[in-house]
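Listed here are the chains, written in short residue letters.
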Amino acid sequence: MSAPVLWILIPAGVGLVLALFSGSPRFTFTFALVLAFLLAWAALLLPIDQPLAVGGFAFKLTPTFFFLGRSLDLTVSDQPLLLGVWGLVFLWLAGGLFAQPPRLFAPAVLVAVALLTAALAVTPFLYAALLFELTAMLFVPLLAPQGRGSRGVLRMLAFMTIGMTFILFVGWMLEGAAASPGIPVLTLRAGVLLGLGFAFLMAVFPFHSWVPMLMEGADLYSAAFLLFMLPGAVALFGLELVDRFVWLRQSPTLFTLLLAGGAIMVLVGGLLAGLERRLDRQLGFAILLETGMSMLAVAVLQSTGLALFFALLLPRGISLLVWAASLANLSQQPRVDLSLAGVKGLAGRYALRFAAILMAIFSLAGLPLLSGFPFRMLLIQNLAVDSPWVAGAVLLGNFGLMASGLRIIASIVSEAPRPDLSVAVTGDELERARTPDFPAWLFISVAGAGSLVVGLFPQWFWPLFDRLPAIFTQLGH
Amino acid sequence: MSLAFLSLPALAVVLVSSVFILGSSSWRLRLIALGLQYIAVTLLVSFSWPLPLAAVKLVAGWMAGGVLGISRGRSRMPLEQARWPAEWMFRLLATVLVFLAVASLVPQVVAALPQMSVMQAWGGLSLVGMGLLSLGFSQRTFASLLGLLTFLSGFEILYAVVEESTLVAGLLAFVNLGIALSGSYLMDQETEEGTA
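Chains as they are written, first to last, in the numbering used here: chain H, 1 to 477; chain E, 1 to 196.
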């Protein structure tokens, strides 16, 4: 048995089989949850490339799987990342029980995470671009159920395809530039194409328009999951390239561009979130802001190391999960329109959901005590030393995100509009209003407690973040 | 048997079909143009790849066109028509601009990649430019998908010069089909009022 078989082929195969059982969403979700838990547990306890004896049975997880002259490599240094990934997948699947995404969500998540893991594990690395494209295409039926959101989906598909072509082409150029790093024209061409490719794949300004468009029309929970996992995997792929090629690692231009690009993303994402009137589009802009924060974390890696980049992923994963699940559940409630005008006076009726959404927003904005605060503080402190203007832009962007939360509060506590008496309240609506909302209570309590724990005791989680950079041979040391 | 004598006709088909896809309002004629385009793309790719490998592009392209044709035929969406004369003139000028840009880029690309022929550079860059133009002009799913497939065809001509891997060829064919299937799903979901 090899590690890629366990963490790539098995979840992909199970996901494809579960798709045949999509008519029973409870079964597919439960099975996927159990599998995610087992894979996370295996990442924690089963060492790769070391003999293991269970009873009288001895086996070893080999790190490499060969196919058609290519290989998938997962070594022992990748195990903390696998633990983190499958742990987050478990949480997102659990959140899906509350958010009620389309029936194919659980199978698609398994296949998507397998594809993204394969993208990071494959040699030669250029196949990663193709795997990213396939992951995006896999989610199309989930993102546009019943035709909603097809504009955003189409634009996403176009930008992913364009980005894929840049990365494929530059994969060939990078080898040439590495062989001849003294030729500035070669490295400049490769650098420009690489930057454009990543800009398209990660929705970096000005190629970001599809993100809020996607959030407005598509299934919220599926879109949020894709926009959390895919840019994260692309960022890790980018770090692999920086780790592999000396001329990239030693290029001051790269880090300057990451600094500038990250600052613009945070500023644009935060300010537009603050000005946006739709709650679903606010989530899209918050995702852009988070992409910018990741870029900034990489820009300062020479002073902080890569641990901060990984540390930002945990509060992001929890907050986006809570925000998307609560918003998705809210959008399914009767007569709820996800605009600021549409949620006027709803604080009393949907207090739990709005509490969860606001907690997620303020956590991402870096409010103290919540999960986002300690790591954002560390990042801004490091930015302020060498780039005070960038630190200022980051603060402004985060204030913009916070303002979006304050606008939601102002809207939901304001006086509700007079009910339209011509539309009768149905028996279902009355029944739902009377039924205690136990799943919401459970989900939001656990998520809220988790966010507070991470915010109050970040030192408990730092050892994991400190181990993650070891997946890179140069950047991790 | 060398097919080099077909390079100029292939280029002509590529240029004419890409302009036709941008300008025509008949979805059937656009699909026929796409089909002819894939033949020309296959010929241009065959100057760098063995012909059986290049034929994968033709098969995948025609399958993608077939999928789009079936979905478009079932769709009740009205035709997307450019307004005369303003929009037609604008599209014509944009097309001329793309070809002028390609003309200025071709010598640099051929100098950077000596293994690429002038015809391949012209064909690839033209399709990339026209594909992006189609993507930018299109409001409807079908037209956007044609633009995306055109863009991808252009890229595949250029990429075939630097990469000869069978697996990459297969995966790119898979991507073409995936785009067509995704687009087919989106078109099936479209309502008569327009995209959702």
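No lab work stands behind these hints, which were simulated from the structure alone. Glycine residues also receive a C-beta, built at the ideal position from the N, C-alpha and C atoms. A couple of the hints might just be wrong.
Unchecked claim - For each label pair, taking beta carbons as the anchor points, the in silico distance ranges come out as:
#1 Glu175/H - Leu93/E: 36 to 44 Å
#2 Arg277/H - Ala111/E: 47 to 55 Å
#3 Val446/H - Leu97/E: 50 to 58 Å
#4 Ala19/H - Arg28/E: 57 to 65 Å
#5 Thr473/H - Ala103/E: 27 to 35 Å
#6 Ala416/H - Trp62/E: 29 to 37 Å
#7 Pro368/H - Leu167/E: 49 to 57 Å
#8 Arg70/H - Gln139/E: 36 to 44 Å
Said to hold, decoys possible - Short derived list, chain H residues pointing at chain E, Cβ under 10 Å:
#9 Gly55
#10 Phe57
#11 Leu131
#12 Ala136
#13 Val140
#14 Arg151
#15 Leu271
#16 Leu275
Here's how the hints hold up against the structure:
no. : hint                            : result
1   : Glu175/H - Leu93/E: 36 to 44 Å  : holds, 40 Å
2   : Arg277/H - Ala111/E: 47 to 55 Å : holds, 52 Å
3   : Val446/H - Leu97/E: 50 to 58 Å  : holds, 57 Å
4   : Ala19/H - Arg28/E: 57 to 65 Å   : violated, 34 Å
5   : Thr473/H - Ala103/E: 27 to 35 Å : violated, 45 Å
6   : Ala416/H - Trp62/E: 29 to 37 Å  : violated, 58 Å
7   : Pro368/H - Leu167/E: 49 to 57 Å : holds, 51 Å
8   : Arg70/H - Gln139/E: 36 to 44 Å  : holds, 40 Å
9   : Gly55                           : violated, 40 Å
10  : Phe57                           : violated, 35 Å
11  : Leu131                          : holds, 9 Å
12  : Ala136                          : holds, 9 Å
13  : Val140                          : holds, 4 Å
14  : Arg151                          : holds, 5 Å
15  : Leu271                          : violated, 26 Å
16  : Leu275                          : violated, 24 Å
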